[in-house]
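Those protein sequence lines, which keep their order, are chains A and B. In terms of this note's numbering, the first sequence is residues 1 to 565. In terms of this note's numbering, the second sequence is residues 1 to 361.
Honestly, the hints are just simulated from the structure, not real lab data. Treat each hint with caution, since some may be false.
As the list claims (entries may be wrong) - Here are the simulated SDA-like cross-link-like pairs (lysine to any residue), alpha carbons at most 25 Å apart as the crow flies:
| no. | chain 1 | residue 1 | chain 2 | residue 2 |
| --- | --- | --- | --- | --- |
| 1 | A | 452 | A | 441 |
| 2 | A | 466 | B | 31 |
| 3 | A | 380 | B | 93 |
| 4 | A | 466 | B | 92 |
| 5 | A | 385 | A | 108 |
| 6 | A | 108 | A | 315 |
| 7 | A | 452 | B | 164 |
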Amino acid sequence: MAELALAAPRIRPRLGRDEWLMGGGLLVLALYLAVTLLLPLALMLAKSAQDRDGAFVGLANFARYFGNPALSGTVGNSLWVSALATAITIALAFGYAYALNRSRIPFKGLFRLVAMLPLLAPSLLPAIALVYLFGNQGVLKGWLFGESIYGPIGIVIGSVFWTFPHALILISTALGTADARLYEASESLGASRWRTFTTVTLSGARYGLISALFVVFTLIITDFGVPKVVGGPFNMLATDIYKQVVGQQNFQMGAVVSLLLLLPAVLAFFVERWAQQRQISSLSSRAVPYQPKPRRSRDGAALALVAVVAVMILGVFGMAAFASLAKLWPYDLSPSLRHYDFSATDGGSWASYGNSIRLGLYTAAFGSLVVFIGAYLVEKTRVAKPLRTATHLLALIPMAVPGMVLGLAYIFFFNAPGNPLNFLYGTMAMLVLATIAHFYTVGHLTALTALKQLDPEFESVSAALKAPFYRTFWRVTTPLCLPAVLDIALYFFINAMTTVSAVVFLYSPDTTLASVAVLNMDDAGDTAPAAAMAMLIVVTCAGVRLLHVGLSRELLNRTQVWRRR
Amino acid sequence: MTTPYLRVRNVTKRFGHFTALDDVSIDIHRGEFVCFLGPSGCGKTTLLRAISGLDIQTHGAVEQDGRDISALPPAQRDFGIVFQSYALFQNLTVAANIAYGLENRKRPKAEIQRRVTELLELIGLPESGPKYPGQLSGGQQQRVALARALAVSPGLLLLDEPLSALDAKVRAHLRDEIKILQRRLGITTIMITHDQEEAISMADRIVVMRGGRIEQIGAPLEIYHRPANLFVAEFIGAMNLLPATRIGYGEIQLGSARLACAAEGYAPGAAVRAAVRPEDIVCTGKTNGHANSLRAEVREMEFMGPFFWLSLGGGELGEHRLRAQLPSQRARDLDLRANDATHLHIPAERIRLFPHGVGHG
C-alpha cells in the first residue's frame with residue numbers, strides 16, 4: 001500500500017489570492033529588511049577587509065589595530081569598565097527588584113515609576129548631570145577625594161544610571177513569577193532563611209539574572225553617550241569608532257572596531273534567547289503566586305535601599321533640570337530660561353528639537369505599521385515556510401547590532417556612489433529607516449506575542465467563510481492587538497527621541513536632532529544648553545508616555561466594549 | 001447507488017519522515033453524519049485538515065460533489081468549520097460574527113439581517129445578537145460558532161472536537177441539538193472526536209482510526225457489535241478479552257468450560273482471543289438452564305446504581321477473570337453476594353474470536 005501511495009504524484013497545493021498576497025507581502029518585507037539591515041552590515045564586513053582605496057587586504061586592518069597599543073588598549077578599558085558597571089547595576093537592580101516583589105514596603109508603585117524614569121532620557125543626560133555634580137565646579141566634588149569624574153568613575157556611574165531600568169525590568173519579571181508552594185515546602189522542611197534565599201529565590205531568578213547580566217553588559221559596552229561626555233581622555237570602543245570615523249575619516253578602522261563591538265552583542269543575543277526560553281518553561285500553570293509576609297528587618301532594609309536609589313535617580317534628573325534653569329552656573333543661580341533659547345549656541349537649535357519630534361512620529365507611525373504587518377505575515381502566512389523563518393531571523397538581527405555599528409554600516413551602504421538609494425543619504429527618510437531597523441526586534445517580538453494570544457483558527461474560519469485575509473486582519477486581528485500596537489509605537493517614539501548612537505553618523509545640517517544636539521553642545525562647552533535640551537527630551541517623552549496611558553485607557557473604554565463581561 | 005458526495009482516495013500526509021496519514025480512503029454520502037474517532041495522534045485531525053485544505057495532503061485525492069479539490073486552498077472549497085476553541089471574533093457582536101461570511105458575499109443588508117435573525121432562532125439564542133461572545137457561556141458560544149459556519153449554507157460542515165471544551169451536562173445537551181439541526185438541514189457533516197460515546201450517539205457512520213490508518217468504517221451498531229479487530233473491540237465500549245483455544249467444530253475451550261460460538265477461519269487447536277461484552281454475560285445464579293454456560297465465583301461486586309460491576313473468577317474460569325454487568329433488579333432477585341458461586345450464560349452469537357497474540361499498540 002505504501003508503495004502505491006509513493007508512486008502517486010505528489011500533490012502541489014494551488015495558491016489562492018490570499019496565499020499570493022501574503023507570500024508576496026512576506027517577500028517585500030524580507031527585501032525591506034535585507035536592504036535596511038542585512039546589506040549594510042554585509043558591506044561593513046567587507047569594508048573591514050579593505051584598504052582606503054577599496055582593495056582587499058584580508059585581515060591587515062585587524063593586524064594593524066591589535067599592533068597599535070593606543071588603539072587595542074581600548075578593548076581592555078571597555079571590558080573592565082563595562083564589567084564593573086554591569087556588576088553594580090545588577091546588584092542594585094536585584095536589590096530594588098527584590099524590595100518591589102518580595103517585601104512589604106509602601107509606595108511600591110511610586111518607586112517602580114521612579115526607577116523607570118531613566119528610560120525617558122538619552123544616556124547623555126546622566127553624564128551631563130555628573131559633570132555638574134562632581135565636575136571641576138561640581139557641588140559634590142569633594143566626595144571623589146580628589147579623583148576626577150572624567151574617566152572610568154564617571155563612565156561607571158553614568159552607565160549604572162541609564163541601564164538600571166533595563167536590568168530592573170528583566171530581574172523583576174524573574175522575581176515576580178515566584179511559586180509560593182516552593183517557599184512553603186522549603187519552610188516546612190526546616191530550611192533557614194538564607195538557604196531558602198539561595199535555593200529558591202536565587203535559583204528561580206537565575207535565568208532573569210543571566211539575561212540581565214548580558215543585556216546590561218552589551219548596553220554599556222556599546223554605549224556612546226556616557227563615555228563621550230564624561231570619558232575625558234579615557235577611550236572606550238564606542239568612542240573609538242566615533243573618533244576613527246568622524247575625527248580621522250578612517251572608515252576601515254571604524255569597521256574593524258565595529259566588528260569587535262558586534263562580538264559581545266551577538267553573544268548577549270544568544271544568551272538572552274536561551275535564558276528567555278528557560279525562564280518561561282520554569283513556571284507551570286499550576287503555580288501559586290507568592291505573597292510576602294511582613295517582616296520588619298527585611299522590609300526596613302528594603303525601604304532604605306529603594307529610597308536611596310530613588311533619591312539618586314531623582315537627584316540626577318533634578319541636577320540636570322536645575323543646571324538647565326540656573327542663569328550662570330555656579331555664580332548666578334537665579335532661575336532663567338535663557339539656556340532654552342539655543343540661539344547663542346551652534347550645536348543645536350529648536351529646529352533640532354522639531355526634527356526629533358518628526359523623527360519620533362514618523363518612526364512610531366511607519367515602524368509600528370511595518371513591524372505589526374510584518375509580524376502578522378511571519379506568524380500567519382500558510383505558505384512559504386522557509387521565507388517565514390528567514391524573515392523572522394532577519395527581524396531578530398537588530399537586537400544583536402549596536403547602534404554605532406548600524407550607523408556606520410548605513411554610511412557604507414547608502415553613501416556608496418553606485419547605490420540607487422543614494423538619494424536617501426542625509427535625509428529624514430534615512431534617519432527613520434535607520435531608527436526602525438535599530439529598534440525592530442523588540443517591536444517584532446511584542447507583536448508576535450500579541451498575535452500568538454489570538455485564537456490560531458481565526459484565519460481558518462475566515463478562509464472557510466471566503467473572507468479575504470486582509471478583511472479579517474483589519475476587522476478582527478488589528479482591533480484585538482491595538483494595545484500592543486500602541487506599545488510598539490510608544491517604544492519607537494521614545495527611542496527615536498533619545499537615541500544617539502546610530503543617528504550620530506547619519507544626520508545632515510537639515511536633519512540635526514535634539515539628542516545629537518545635546519552631544520554637540522556639550523562638546524562645544526555649552527553644557528547648560530545641553531542640559532536644557534536633554535531636559536526637553538525627557539519632558540517630551542514623559543508627556544508622550546502620559547498621552548499613551550490616556551489613549552490606551554480611552555481605547556479600552558470606547559472600542560473594546562467586548563472586553564467587559 | 002448514488003455517487004458519494006465526498007470521496008477521499010488514497011490520501012497520505014507526511015511531515016518529514018513521520019507519516020500522519022497512510023493511504024486513507026473514505027466515501028461519504030450526501031446528508032450523512034460521519035464521525036472520525038480515535039485516540040489522539042491517530043490522524044483524525046490531519047484528515048480533517050486535508051479535507052478542508054488547511055493542511056493539504058502530500059499524496060492522494062479529495063473530491064467534493066464531483067469536483068477534484070485535492071490541491072485547492074481552503075478559500076476555494078465549500079465548507080463551514082467549527083473548532084473546539086469556538087474561534088469567535090471577540091471584538092464583534094454575535095450578530096456580526098454570524099453575518100461575517102454573508103457580508104463577504106455582498107448580499108443586501110436586509111437579507112443579511114433576515115438570515116442572522118433566522119439563524120439566531122435556529123440556535124435558540126434569539127435575543128443574543130447584540131451581545132459579545134465574552135458575555136455568553138461556552139455552550140452558547142459554540143452554538144454561535146455553528147450558526148456562523150451554517151450562515152453561508154456550505155455543502156459540507158466540519159466539526160473539530162466541538163464539544164470537548166464544554167462540561168458534561170452542556171455537552172450532552174448540545175450533542176442532541178447538533179444532531180437534530182444536522183438532520184433538519186440535511187447537511188453532510190464530518191465531526192472528529194476522541195469520545196466514543198459521542199460518536200456512537202451522533203454518527204450515521206463511524207470511521208475508527210489509529211496510527212494514520214482506518215481500522216474500521218461502519219454504523220455505530222456494527223462497530224459496537226461486530227468490531228473488525230482487537231483494537232476496535234477494545235477501543236469502543238468495555239470488552240472482556242480472554243485467551244481460549246478452538247476445539248471441535250464451532251466450539252472453544254475457555255478455562256475448563258466449552259462454549260459454542262462462530263469459529264470459522266480458525267484451525268482446531270488454534271489459540272484465539274474470545275471477546276465478550278460485560279452486558280452480554282447473563283448471570284443465572286444457582287440455576288443452569290442454558291446450553292452455553294459456565295460456573296464461576298463472584299470475586300467482587302461494585303454497585304453503580306442501575307447495575308453492578310461483577311468481577312468473576314475461579315470455577316470453570318480458573319485463573320481467568322471476567323467482568324460482567326448485572327442489572328440491579330436482577331441482583332436483587334438472585335440475592336447475589338460476593339464469594340457466591342453462580343452460573344453464567346454467554347449467548348454463542350455474542351462471542352467474537354480474534355487471532356491470539358495480536359495486541360493493540
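Hints, one by one, checked against the model:
1. A:452 / A:441: 16 Å, holds
2. A:466 / B:31: Distance of about 23 Å is within 25 Å: holds.
3. A:380 / B:93: 24 Å, holds
4. A:466 / B:92: 18 Å, holds
5. A:385 / A:108: The given pair, whose Cα atoms are some 46 Å apart, is violated under the 25 Å limit.
6. A:108 / A:315: Distance of about 19 Å is within 25 Å: holds.
7. A:452 / B:164: 22 Å, holds
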